[in-house]
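Here are the chains, one letter per residue:
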Amino acid sequence: MLAPVSITGIGKCVPEKVVTNDELAALVETSDEWISKRTGIRARHVAVEETATSLAVSAVKDALAMSGEKPDSVGVIVACTITGDELTPSLAGQVQKALGIPLCAALDVSAGCTGFVYALVTAASLMDTLQKDVAIVVASEIMTKYCDWTDRATCVLFGDGAGAVVLRRSEAARLLHPILSATPDTDDVIVVKKEARSTPFTGEVVSSRESIRMKGADVFTYAVGVLEETLKELSVRCGEQPIQKIVPHQANEKIIDFVIRSMKLGREQFFVDIANYANTSSASIPIALCDAWESGWLSAGDRVAIIGFGSGLTSGGAVIDWTIQNEKENK
Amino acid sequence: MQEKIIASLMAQLDLDREAIKPESRFIEDFSMDSLDMVEMLINLEKETGIKVPVEEVGDIHTVGELISHLEGKQQ
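Chains as they are written, first to last, in our numbering: chain A, 1 to 331; chain B, 1 to 75.
Hints are computed from structural coordinates only; laboratory data are not their basis.
Treat the hints loosely; a few may be bogus.
Said to hold, decoys possible - Lysine to aspartate or glutamate pairs mimicking EDC-like chemistry, simulated, CA-CA at most 16 Å apart: (1) A:Lys215 with B:Glu55; (2) A:Lys215 with A:Asp257; (3) B:Lys46 with A:Asp188; (4) A:Lys264 with A:Asp302.
Claimed, not checked - Sample of chain B residues lacking proximity to chain A, with all beta carbon distances greater than 12 Å (derived): (5) Gln2; (6) Glu3; (7) Lys4; (8) Ile6; (9) Leu15; (10) Arg17; (11) Ala19; (12) Ser24; (13) Arg25; (14) Glu28; (15) Ser31; (16) Lys46; (17) Glu65; (18) Glu71; (19) Lys73.
Beta carbons: idealized from backbone N, C-alpha and C, even for Gly.
Just chain A, same shape as in the assembly (with noise of 0.2 Å):
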């Protein structure tokens, strides 16, 4: 069961070098022009000297300074990356770490691009378990260092970027409907193999980590089925108080336009960031909930559905009602 909580807080981090799709012409044949009518991507950032728990560390420092929580407040911290900086600790003991938290539940979920939905129903639900009052949910992908830089199909689509936001224990639940959902990748459509070393007792098994292999048709298949029926299924849930606005994952454009089609919504309902960052993984949605908000697009009082899809293979879903107010309303 899901404690009653309501976001007070978001941040978000990414890598200061930003590569357009001109500079990537440059490493692989093809062209802006080529990137941005099959992905609507026209740049991504890019990780130099950043790492995945730098770029989480600075998201949650902004999300809880916006919610006023101290660091001693915090209860329960849940990471959720595939591309974390160590095998352990985890991303959410560094978080935890360099916050100088001295005593909290801290733990990683690892759901593919889905994590974050992931992240945040795990969250609450420890807030209830371990009735506490304040959790930091945040994704952080380095996604770049697992792409193959002569594979023009697959290193085109992804940047790096980290997300965070503030959960505190409210009267009235504004996290609501959660769903989360996994069927076996059974044609492996997205996978990233590990290194693997040999011991004594093993012979010869070493290879080195490989870089991600996607089924571009199987998971453009996959994702806007599971985009659908969760976004259906929401709506079901929501009953008399309808979803105002969807901020998918951003994976590629064609997936968002064709459930805007599919189902005969405005696109306007939705959130797309994606020709910025390209595809950020876990991090894609609080990156893009942040950018909504800053925009003002998304305001108190929106009813705002999160949908999440991707390796595992996942899906998730739920709704928020948004309650931090932004600027442009306060004047």
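Put chain B on the given structure of chain A with help from the hints.
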């Protein structure tokens, strides 16, 4: 079947009826890419109930071939 396919293509590609001929090639004439082709197959599955696996996309190059392919599966 033919009319369903043409209507679906008109809606997806925002084309007039006259622009869609049996000999029209998806990639060369309509500038479709692989994801557009997948989108077309998903739309047609909804319209006709006939599923065309993604692996078969490579066998379909023209509107005429698509019609024949779906008619073959219908029988």
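Hint check results:
no.: 1; hint: A:Lys215 with B:Glu55; verdict: 11 Å, holds
no.: 2; hint: A:Lys215 with A:Asp257; verdict: 20 Å, violated
no.: 3; hint: B:Lys46 with A:Asp188; verdict: 25 Å, violated
no.: 4; hint: A:Lys264 with A:Asp302; verdict: 21 Å, violated
no.: 5; hint: Gln2; verdict: 22 Å, holds
no.: 6; hint: Glu3; verdict: 20 Å, holds
no.: 7; hint: Lys4; verdict: 16 Å, holds
no.: 8; hint: Ile6; verdict: 17 Å, holds
no.: 9; hint: Leu15; verdict: 15 Å, holds
no.: 10; hint: Arg17; verdict: 19 Å, holds
no.: 11; hint: Ala19; verdict: 19 Å, holds
no.: 12; hint: Ser24; verdict: 20 Å, holds
no.: 13; hint: Arg25; verdict: 18 Å, holds
no.: 14; hint: Glu28; verdict: 16 Å, holds
no.: 15; hint: Ser31; verdict: 8 Å, violated
no.: 16; hint: Lys46; verdict: 8 Å, violated
no.: 17; hint: Glu65; verdict: 18 Å, holds
no.: 18; hint: Glu71; verdict: 22 Å, holds
no.: 19; hint: Lys73; verdict: 17 Å, holds
Hint compliance for this structure: hints 2, 3, 4, 15, 16 are broken, all remaining hints hold.
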